[in-house]
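Participant: Last residue of the sequence shown: 691 (my numbering), numbering continuous.
It is worth saying that the hints were derived from the structure and are not from the lab. The structure presented is a predicted model; accordingly, all values stated were derived computationally and were not measured. Please note that a few of the clues may not be correct.
For lysine to aspartate or glutamate, the following EDC-like pairs were computed, each having C-alpha atoms within a straight-line distance of at most 20 Å [to be verified]:
| no. | residue 1 | residue 2 |
| --- | --- | --- |
| 1 | K331 | D189 |
| 2 | K109 | E504 |
| 3 | K204 | D189 |
| 4 | K109 | D189 |
| 5 | K331 | E423 |
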Amino acid sequence: MTPRTDRSSPPLLGARRFGLMSLLLALAAVLFGAAPVPAAGSPWWEPTARPAADSQVNATGAPFTGTDSQGRVRGFVDAHNHVMSNEGFGGRLICGAPFAAGGAPEALKDCPEHYPDGSNALFENLTGGADGKHDPNGWPTFKDWPAHNSLTHQQNYYAWLERAWRGGQRVLVNDLVSNGLLCSIMPRDRGCDEMEAIRLEARKSYEMQDYVDSLFGGPGKGWFRIVTSADQARSVVQQGKLAVVLGVETSEPFGCKQILDVAQCSQADIDRGLDELYGLGVRSMFLCHKFDNALCGVRFDSGTTGVAVNIGQFLSTGTFWATERCPGAQKDNPIGLVAPAAMAAKLPAGVSVPSYASDARCNTRGLTRLGEYALRGMIDRGMMLELDHMSVKAAGRALDILEAEEYPGVLSTHSWMDLDWTERLYRLGGFTAPYMHAAAGFIGEANGRAALREKYGVGLGYGTDMNGVGGWPGPVGADAPNAVRYPYRTFDGGTVMDRQVTGEKTWDLNADGAAHAGLVPDWVEQIRLTPGGPDVIDDLALGAESYLRTWRATERYEPGENLALGRPASASSAEWNPFVSYAPGRAVDGDTGSRWASDWSDDQWLQVDLGEVRRVGRVSLDWERAHPAAYRIEVSEDGAAWRTVWSTQAGDGGYDTASFASTPARYVRVHGERRATQWGYSVYEVKVTRS
């Protein structure tokens, strides 16, 4: 396990690059005629130098600092953004960079194949943002991009993020992202290994921190601060700056893809990968994204996009999604029926996308044993799990494990988790941030869970998914009831925001929609002007505090002692097999790959001797497919007189946690009453804790 050290950048990415960045800025004066322009006597929130040809921020006033009367930090949280995704997918899916020594003219350029008129911008045109053609020129006109419906152009230029910060944002989660299959079918200028892309994006994130520092007076002076602990983040927010947290959202983390349902990674690969990510500063991650992998099944994309992603999965793994009827109220997204011709043409001859029953909405693939190993590895390292993109089956299993461990580090950051599980997440201590929908839609989703936020005393975030190939709120028109009236003041009243200007382009949310990250404050203002919006703004203002509480609780988590681990176990029977042992002790050996299994009859039990009388209040059970429909938990102080402390007549297998009033016991027994299958009872692990 990697030690939990707090640092603002890896050793090789630190302050020494400041000198190099200064040299690059000087070189830019020769190459681009854009020497940094000094600003004498600037306050701390204004740059001391900025490239001559650059974007404006169009914000006036001091950023708020410190805490409120209750000691809470204030500010908004963008819990899902992709600042560096231009470096992923082979380097040519997202066109333009978030920073460059020469400023906006150098950074905000289109991809080479988009010239001269955008007709060869295959992915842009496939996703419908440009209607077949677009003006590839960014600076200075920005005629056609960035746009709210353009999915392939840079939305996170540093000055735009600076405006989001000036507008009240205080935490930004930068999810490092890539997809090897998409990379392989797109123009590219580098390899398609997803972990290589993650490493590059992490390095570029620290370089961006150095770049911002160079504009604001030197190392540590800038507003863009990469943080690796909750306390460090809280300090940054108290100073009025932007705390940037690194996350990972990729389809094959650690090389953990599956090919024809065979895992291509091992537990050792997972350990090495988690250690590496932690060392890079990553503190949250998705275990699967878009394609089923060796760790978990995914929540389907819907409609035509879903069919395209399903084809991509087949091309990458050799398998299409498989569905089944959902056992509970939660459902994955419907996949869709019509395949885009451009994607269908990539399938081998004679292969077509399968059809799916309308009443079979759940992915058959859940959280695999390797996925459970990765999840427990994240718990060991104090990392936060992103539930979005997990199939219902995988997310349900993950929540079962997190609840059994009482682990608070769980996030849903762009509306992909089944919303009916929101209370389970809040009960653990987790944090949610709906997708950046149009104002009315965002308010509707937020208000649908307002009572839960009040019950658990939590704030709210948003997930912009900028640079994430998602689509963003469009224009409402200047005459709309909730049209933004420029200039306006931020929620705290301390900053005046006017229309944002970059080059010759003046952006107006009413006319342009949420085209880039600099318009996020305008979108927040539009929420305020929409019915129901003011209460949502209050919850958003508590977002930074709430996110940091979840993170801090995750870091401070201490697992409860498993009183049953390695203790003597006995059973009414054990299934005989000449090759594998299913002895009772297999259920308390700490190995989720071994298990106890009973004979094939209803009345069977498994008993653990704790060695002495202890206080117990919780029993967690990891059932194999052979599980009970009805069973009870019994305890005894002497092994003779037993009392029932918990029971169920509706066992559904999977991961069960039986909680009951703390009671003294030396012996704990799991007593099966009625089988749910033709087999007996079989459990991988039994965990007994005090509470």
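Participant: Taking the hints in turn, state whether each one holds.
Facilitator: We went through each hint and held it up to the structure:
no. : hint           : verdict
1   : K331 with D189 : 39 Å, violated
2   : K109 with E504 : 15 Å, holds
3   : K204 with D189 : 17 Å, holds
4   : K109 with D189 : 16 Å, holds
5   : K331 with E423 : 17 Å, holds
In summary, the structure is inconsistent with hint 1 from the numbered list given earlier, while agreeing with all the others.
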